[in-house]
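Asks: Chains as they are written, first to last, in this note's numbering: chain A, 25 to 197; chain B, 10 to 269; chain C, 25 to 179.
In case anyone wonders, no lab produced these hints; they're calculated from the structure.
Heads up, simulated DSBU-like pairs for lysine-lysine below, C-alpha to C-alpha not over 35 angstroms straight-line: (1) 113(A) x 43(A); (2) 152(A) x 141(A); (3) 212(B) x 141(A); (4) 141(A) x 113(A); (5) 113(A) x 112(C); (6) 113(A) x 152(A); (7) 212(B) x 43(A).
A partial selection of chain B residues facing chain A, derived with a Cβ cut-off under 7 angstroms: (8) 20; (9) 21; (10) 24; (11) 26; (12) 54; (13) 55; (14) 58; (15) 59; (16) 60; (17) 61; (18) 62; (19) 63; (20) 161; (21) 269.
Predicted model, so just to flag it, every value in this text is computed and none were measured.
Here a beta-carbon is modelled for each residue, glycine too, at the ideal position from N, C-alpha and C.
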Amino acid sequence: MASAQAAALIRRLTRGDHKALGEFYDLYSGLVNGLAIRILRDRAEAEDTVQEVFVQVWQQAARFDPSRGTPEAWLCTMARTRALDRLRKRSSRREEPEQSHAGSAAPRTEEAIAVRKALDGLPSDQRKALELAYYEGLTQSEIAERLREPLGTVKTRIRTAMIRLRGVLGPSS
Amino acid sequence: MNEERLLELVPLAALGALDGEERAAFEVALATNPALQRELASYQELVGRLGLATDPVQPSSAARDRLLSVTRPSASRRSWLVPALAAGLVAALSGLLLVRSEWDAARREAAAQRAAAQEAHATAQKAQAEAAALRESLASEVAFRELVSHPETRVASLAGLAAAPGARARVVWHPGRREAVLVASGLAPAPAGKAYELWIIAKAAPVPAGVFQVDAQGRVVFRLPAGLEFAGVRTFAVTVEPEGGTTAPTGAMVLAGAVS
Amino acid sequence: MSPDRDGQPTGEEAPESALLALDELSARDAGLRPRDGLRQELLDLADAPRLPLDTSAYAWEEPFPGIRICEVRSDPSRQMRGCVVWAKPGARTALHRHLGDEVILVLSGGLRDERCSYHANQICRSREGSVHVEEVLPGDDCFCYVVYYGSHEPV
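Take the sequences, apply the hints, and build the full model.
Replies: This is the structure in structure tokens:
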């Protein structure tokens, strides 16, 4: 399974194995790029995010802790953080993305399909609030303002959505 | 802020959605509260996994149309594609019961073809005509279109092995509906008396998943027999076998690929 | 290849376009891969030194006041050069144009160009043909690893 292969690659990365970096990139560049594109809606910026994530992987492979989650979750966390950093820089420049939405990936791994299903199973108001937090990095107050809903309502929706997702998806394998 | 209130904030904190005083208070409490740290780590891991499922998008209609035109069997297909069986598959895919009796008849005809190679050509042409008629009246294309563009359809890439270094292939399958298609290229036509056989490898012994030939250019679009079990599949492989197929792999492996 | 009566490609022609179409689908399946050149560029960036840098170990040149650079890697066949940069706060490069991409990985400190500012572990990329100035932010020294593809010239 991909996660076992990834864990082996990460061990090689901690030993400074350049070849392993290339292989790790081959395995996951699509995942990282897809998420970055979804957040940034700009392929060029997404590619810079990809580089930043994999350079971070290279430099910090020893910090990966399998007990805290899978390599895929680790990568998605880094990708989201960095993509949101870039998004905030752009909004402070008041720029529009260069391209319109380039199209995201249809999930194909079993885990991705399970997550997709769980998200699809959320009531749409919970889903919408969660997506604003996840893909746009908005805070609870910003979400409340965007949706023109009371802050308490937004907090409850996000909380409920997350609790439900945790119930459906369970701990990582 | 009391413990219960802090725990309530964890999912929001994991998303980075806390702000203002609440966020400051949460961070202060976090520093000295192991239970809170554990709960946060658990939700942060969940947030990490959310990134696996960005919104699906349908493939461009151009891609789908190309794929459609490909897998719609044409009247000029060679006899290696057992057309009666293809018609049966098409019937199974569209689930129309009224075709079942014709499907059974077609299957018997297909068995006769294999047994009598000389008569096969004439019988095949007749079966092809029947199959063409069936195909045109059935919703096979809609079914296949749906297969390929359904978000739950999975794809595995197979690479050529030493016995066929230029070969490549993909398997597209829908586990729930047990439908699948193999597309391959770069395979030499099988030697006389031999054919290629696809295998599904899950936890136990490889399971036969159909026998096929390639065209003169080394390519094939092969619809797997309906009803195969894909649950737990970890690898697909193609070997060279006697042309009737075998129940276990005996020949050289030409293609293999793991399922992610 | 003669089309069948509906004008669609026949079975013989079909597999090639099937592979192409599946390639497109798989590209989406794979989450939209970045462009091909990025992989080698990543491997080039991976040569960046780890902090802290021993500044005495490098043979510095100073092309602009306050900006020292030392080339540590090169691959002439690809016109690639990898350089360590040590720049003082407030230092800036002269206006220059790139005949190839320049990719800056900030190791510590910060710098800015006309678009935005960049800090540790961030990438500032200038594409072929762009004309720009980079300036080190006030405060700490800025250490970077820069990969150049092609060359650059003063404007």
